[in-house]
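Number of protein chains: 2
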Amino acid sequence: MNLRIPGPTPCPEEVLQSMAQPMINHRGPGFERLIQKVTGRLKQFFQTRNDLLILTASGTGAMEAAVVNTLSPGDKVLAVSIGLFGERFAAIAETYGAEVIRLDFPWGQPADPEAVRKALKKSPDIKAALITHNETSTGVTNDLAALSAVVKELDKLLVVDAISSIGSIDLPVDTWHCDVVISASQKGWMAPPGVAMVSISEEAWRFAARAKMPRFYWDLAKAKSSLEKGQTPWTPAISTLFALEKSLDLMAQEGLSNIVERHARVGKATRKGVQSLGLSLLAQEQWASNTVTAVQIPQGMDAKRLLHTLREEHKVILAGGYGNLAGKIIRIGHLGFVTEEDMQQVVEALRASLLKVGFKTSHLTDVRGS
Amino acid sequence: MNLRIPGPTPCPEEVLQSMAQPMINHRGPGFERLIQKVTGRLKQFFQTRNDLLILTASGTGAMEAAVVNTLSPGDKVLAVSIGLFGERFAAIAETYGAEVIRLDFPWGQPADPEAVRKALKKSPDIKAALITHNETSTGVTNDLAALSAVVKELDKLLVVDAISSIGSIDLPVDTWHCDVVISASQKGWMAPPGVAMVSISEEAWRFAARAKMPRFYWDLAKAKSSLEKGQTPWTPAISTLFALEKSLDLMAQEGLSNIVERHARVGKATRKGVQSLGLSLLAQEQWASNTVTAVQIPQGMDAKRLLHTLREEHKVILAGGYGNLAGKIIRIGHLGFVTEEDMQQVVEALRASLLKVGFKTSHLTDVRGS
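These protein sequences, in sequence, are chains A and B.
In the working numbering, each number is its position in the first sequence, counted from 1, plus 9.
In the working numbering, each number is its position in the second sequence, counted from 1, plus 9.
I should point out that these hints are in silico values taken from the structure, not numbers from a laboratory.
All copies of an identical chain are treated as equivalent in the list; a pair is satisfied when it fits inside any one copy or across any two copies.
Below, computed lysine to any residue pairings styled on SDA-like, alpha-carbon distance capped at 25 Å:
1) 238 x 329
2) 221 x 110
3) 221 x 108
4) 52 x 40
5) 324 x 346
6) 231 x 103
7) 136 x 212
8) 136 x 104
9) 231 x 106
10) 85 x 221
11) 221 x 82
12) 136 x 222
13) 313 x 234
14) 221 x 96
Generate coordinates for the entire structure from the input sequences, incorporating the hints supplied.
So, in structure tokens, the structure goes:
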């Protein structure tokens with residue numbers, strides 16, 4: 010199978026094999042080496058000197074941790090949303106009693122920094138901004154540098170969902186003054202799901218000291234004090250950390266700038282390939298994501314049948330759309346363990362599947378017959 | 010290494026190898042088969058027709074899920090504690106604003122059902138009882154059948170931490186009317202940590218419908234509606250589920266009653282072996298756990314040095330004590346992938362290590378020299 014959803018992503022064979030290592034004591038010296046190494050490597054890829062903590066959870070758990078460790082019920086927060094995962098961030102904050110001011114942009118478009126400035130100025134008692142770096146549901150990457158400049162100009166805490174960007178798309182956490190940044194193992198990190206990571210700035214720790222939202226499992230202060238002993242407060246997902254250790258080795262060999270360039274090349278090739286089939290992209294090129302591409306499905310075409318054909322006849326697994334975009338888009342993941350050749354295969358499978366489900370335009374030529 | 014802590018436990022080689030399977034789509038038919046199979050098998054081992062839901066988390070996350078899905082801030086709950094994990098349950102409920110009435114028993118002893126009855130009668134507005142089935146910090150198994158009879162006689166919700174018991178020690182969830190029962194993959198299930206499970210009775214769902222504690226990641230109603238589609242609300246720990254699928258296959262081959270009998274034999278053999286060295290157990294035989302044995306360390310002996318010697322010279326990994334018992338006990342895990350022979354090796358290593366750290370009594374004879 011050619012798994013090309015926006016996470017979980019395929020894992021290199023060495024990464025899969027590394028999980029077959031025997032179990033170890035999570036309170037022993039072997040685990041201490043493991044967690045310190047993985048944490049150190051992640052900090053390099055986060056380009057941060059901030060604390061970085063590892064949670065046994067999927068990315069949504071880390072989103073929840075980001076919220077409950079920095080805010081109190083009644084706190085005003087600006088939730089900048091450009092898609093499903095932006096909405097999720099807002100919903101989590103609301104669940105815990107924050108007063109959420111929503112700033113929604115149309116799905117397929119990025120957030121406008123000027124609109125963010127306006128919203129922050131309008132409610133000066135806003136304490137924090139929740140921002141998605143890369144919106145997995147629409148294939149849009151926000152201009153986080155510009156958004157950060159606005160948020161920091163107005164002296165708010167900046168909480169970033171970088172689940173499907175960091176480690177694949179450039180996100181210099183310290184340079185861009187991101188206070189809380191989260192990701193998850195099954196995205197660009199090329200490891201299985203089950204581990205999430207959170208970086209926390211000193212400013213975020215100051216927020217944490219005052220934050221009154223209830224937290225136990227997600228308590229990052231506990232995670233920090235455990236990490237000082239080379240441990241985690243609760244039993245960690247050891248095998249997933251073995252995988253992450255190996256995948257971070259591979260990533261370190263390639264180097265962050267090479268990885269970012271590869272994702273830029275692969276993203277561009279994917280978009281060009283899809284467009285060469287006569288299909289339209291949801292996002293414009295200038296903000297199109299280099300980790301996930303949302304492809305518009307021609308009116309009248311059955312997206313489910315297309316995905317089914319791709320899977321059953323070509324062993325290519327793509328994702329559908331969420332919410333209002335269900336049935337209207339398909340999404341191609343190209344993050345982590347991926348090359349331009351992989352995407353060429355996807356585009357060819359897409360071409361054949363489109364023909365199969367009856368999509369005929371002058372753009373479409375069956376290369377198999379040529 | 011001979012990993013004999015009370016979790017993570019060793020995993021059979023087939024279980025470790027199963028994690029090397031390629032990643033799959035968590036919204037596709039392969040995952041649907043996986044989650045339905047694992048859920049079905051777990052329900053058999055839980056001996057329940059209740060819903061059973063799988064979380065990407067360690068056991069503490071499932072404890073939190075049990076609390077926040079059934080209670081509201083201000084609700085009175087009885088927290089019956091016989092050790093560290095009983096205290097943790099109480100702390101979680103307090104964190105979320107429950108009015109916790111603590112009923113603590115001395116570490117090393119079980120809960121007295123009569124004392125529980127008294128406490129419940131004294132505060133008739135108590136809504137739920139939080140009870141540990143098997144206290145991992147002390148090696149004590151509560152008489153859950155008797156405790157359940159009291160809790161149900163007084164018509165309270167029964168929330169059970171069975172993390173280190175169910176699947177190893179008999180716990181017929183439906184027969185004993187346990188409303189919420191939690192466990193975690195790295196215990197008797199012989200799989201790596203990262204997956205937790207929660208069973209929920211119809212009565213617990215009625216509580217959930219009214220419960221006002223905030224929940225998002227832990228929302229079991231979301232998990233239930235996702236499971237109906239063969240999915241999980243958030244990206245699940247797929248590789249750990251591959252492991253659990255394989256280990257549940259192995260457990261099904263052995264059969265629950267055989268597994269429970271094996272743990273009873275192994276537990277008894279461990280206790281006899283330790284006592285044959287002249288050491289005392291923390292728990293009396295009648296309530297000693299069949300999954301973990303707490304061994305008292307002779308006064309003046311350095312428990313850390315003993316554990317270090319066991320690890321470095323015999324490759325046997327045991328655990329220390331928590332809280333007031335730190336330095337006073339060591340704990341031997343014997344759950345999951347374990348035989349009487351494994352425990353015989355542990356006892357022999359313990360004998361040699363005790364001699365090494367200077368423990369000399371008439372009971373101790375060096376079998377290697379005989």
